[in-house]
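Enquirer: Protein chains in written order, with our numbering: chain A, 1 to 276; chain B, 277 to 411.
FYI, nobody ran anything at the bench for these hints, they're computed from the structure.
Built from N, CA and C at the ideal position, the CB exists for glycine as well.
A hint or two may mislead.
[Claimed, not checked] Across the chosen pairs, the derived CB separations fall in these ranges:
1. B:ARG389 x A:GLU98: 53 to 61 angstroms
2. B:ASP335 x A:ASP247: 36 to 44 angstroms
3. A:ASP58 x B:GLN343: 47 to 55 angstroms
[To be verified] Residues from chain B shown here face chain A by an in silico Cβ test under 8 angstroms; the list is partial:
4. HIS300
5. ASN325
6. PRO326
7. PRO352
8. SER356
9. LYS394
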Amino acid sequence: MTKFFERTPRRAVIKALNALLILAVLPSSTAISVAVTAGNQAPADRTAAWADIAKLPDWDGIWLPHIGDQRDQEKGNVAPWSEASAEIINNMMKAEDEGRPAGIFNDCMPEGMPTWMMISHNAMEFQYSPGRITLLGESDGNRLRRIYTDGRAHPQDPDLTYHGHSIAHWEKETLVVDTIGVDPDAYIAITEAVGVRNGGDMHIVERIYLVDEDTLHDEITIIAPTVMTKPWKTTRIFKRLRGAQYDIVEGVCLMGMDIDQVDEDGNAVFDPSIFE
Amino acid sequence: MKNLCLLLGLFLVAAGIAVPALGHHSVTMFDLKNTITLTGTVKKFRWSNPHVILWVDVDPPEGGESQRWAFELTSPGNLSRSGWSKRSFSPGDRVSIDNSPLKNGKTGGLLKRAVILKTGEVLLFKWRKEQVTKP
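Given these sequences and hints, build the entire structure.
Expert: Okay, structure coming up:
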């Protein structure tokens with residue numbers, strides 16, 4: 001075994017493990033089947049497809065991240081960073097501790113995957129529809145995640161996006177989500193001021209499930225051979241609130257300007273060029 | 277007009293008045309171990325993302341001119357769930373603000389608790405689900 005690792009480059013081994021992990025999360029047995037066809041086509045029986053939605057676990061309402069637990073995870077569950085990434089991470093943590101946090105999200109680009117699930121301080125909600133679950137966020141760079149449950153495979157050569165391409169299936173009442181195709185510009189962030197770009201070859205597997213009526217766990221496994229020496233598993237906790245008074249509101253990151261602008265016609269306008 | 281506004285923005289920075297940062301950012305630029313209480317008059321309440329901002333003309337300790345402070349809060353969504361609204365403050369309100377001030381000495385802080393002096397109303401950000409659902 002030792003000779004195997006001596007001869008075989010580390011990244012190749014991780015990629016092989018990655019491939020095995022993808023096979024492991026392909027749809028196996030599920031207690032819930034939905035009347036949809038793969039590929040986002042119109043379901044053969046639309047009524048049945050929507051009726052099947054009612055059989056899915058109740059994830060209604062809004063979900064608040066457990067911020068205290070996020071803080072505990074920062075020091076309590078350290079990622080297996082590569083040597084180069086560890087140096088970047090440690091320098092950023094030092095700067096943050098000293099009151100000079102890096103503004104890695106100050107440009108208001110999407111936080112993307114896995115960062116949304118890891119460090120958001122704002123609410124999110126799940127929206128079920130035939131063949132898809134859509135995650136909708138609020139501010140903090142949360143935009144939306146489309147998670148396809150219609151049996152499709154990942155594209156062979158996906159366009160890269162901040163939230164990646166996600167497919168999922170149900171294992172009893174656990175949603176198992178597989179995500180690839182994340183833009184290499186997206187951070188793996190462990191705080192708002194500490195993170196590294198994901199290296200371009202990241203693969204994320206999530207197991208999402210209720211632990212009690214109003215507590216959701218997202219077990220996130222990140223495989224990122226360029227920046228980590230091995231897969232990293234970390235869990236994030238979300239707490240449910242129900243009721244219209246807690247509804248998610250619009251959140252546009254770049255709106256926090258303290259100087260009102262008007263155009264030549266006297267209309268109130270938003271002018272981001274003031275920060276250029 | 278655009279140039280005038282840019283100059284105003286630069287003036288605010290040069291005058292040492294905290295200009296709010298954009299995006300989801302860390303709060304370690306604030307002295308989180310300390311809380312100071314300041315009293316003053318609301319200048320403006322900015323109910324927008326990503327951070328709600330309350331500007332207060334703080335009373336100087338021994339007379340003289342007031343200082344313009346910027347107090348940062350979380351997002352409108354989070355504050356709404358804690359019972360705040362865009363009408364929680366009006367210009368001219370007399371307020372008392374508990375805050376963690378900026379470490380760099382500029383006139384800004386992370387708002388922890390606000391009291392509207394005329395009515396005695398106390399406003400807090402409740403980020404735990406248990407706090408939010410209590411009456």
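Enquirer: The structure should be examined with respect to each hint, and the outcome stated for every one.
Expert: Hint check:
At roughly 26 angstroms, the beta-carbon separation of B:ARG389 and A:GLU98 lies outside the given 53 to 61 angstroms, and the hint is violated. Under the hint 36 to 44 angstroms, the C-beta atoms of B:ASP335 and A:ASP247, about 38 angstroms apart, fit the expected range. Separated by about 51 angstroms at the C-beta atoms, A:ASP58 and B:GLN343 satisfy the suggested range of 47 to 55 angstroms. Proximity of B:HIS300 to chain A holds as hinted, the smallest CB-CB distance being about 5 angstroms (cut-off 8 angstroms).
For B:ASN325, the interface hint holds, since its Cβ comes within 8 angstroms of a Cβ in chain A; the closest pair sits about 4 angstroms apart. Interface restraint check: B:PRO326 against chain A, minimum CB-CB distance 5 angstroms, threshold 8 angstroms, status holds. With its C-beta approaching chain A no nearer than about 6 angstroms, B:PRO352 sits inside the 8 angstroms limit, and its interface hint holds. For B:SER356, the interface hint holds, since its Cβ comes within 8 angstroms of a Cβ in chain A; the closest pair sits about 6 angstroms apart.
Checking B:LYS394 against chain A: minimum C-beta separation of about 25 angstroms lies over 8 angstroms; hint violated.
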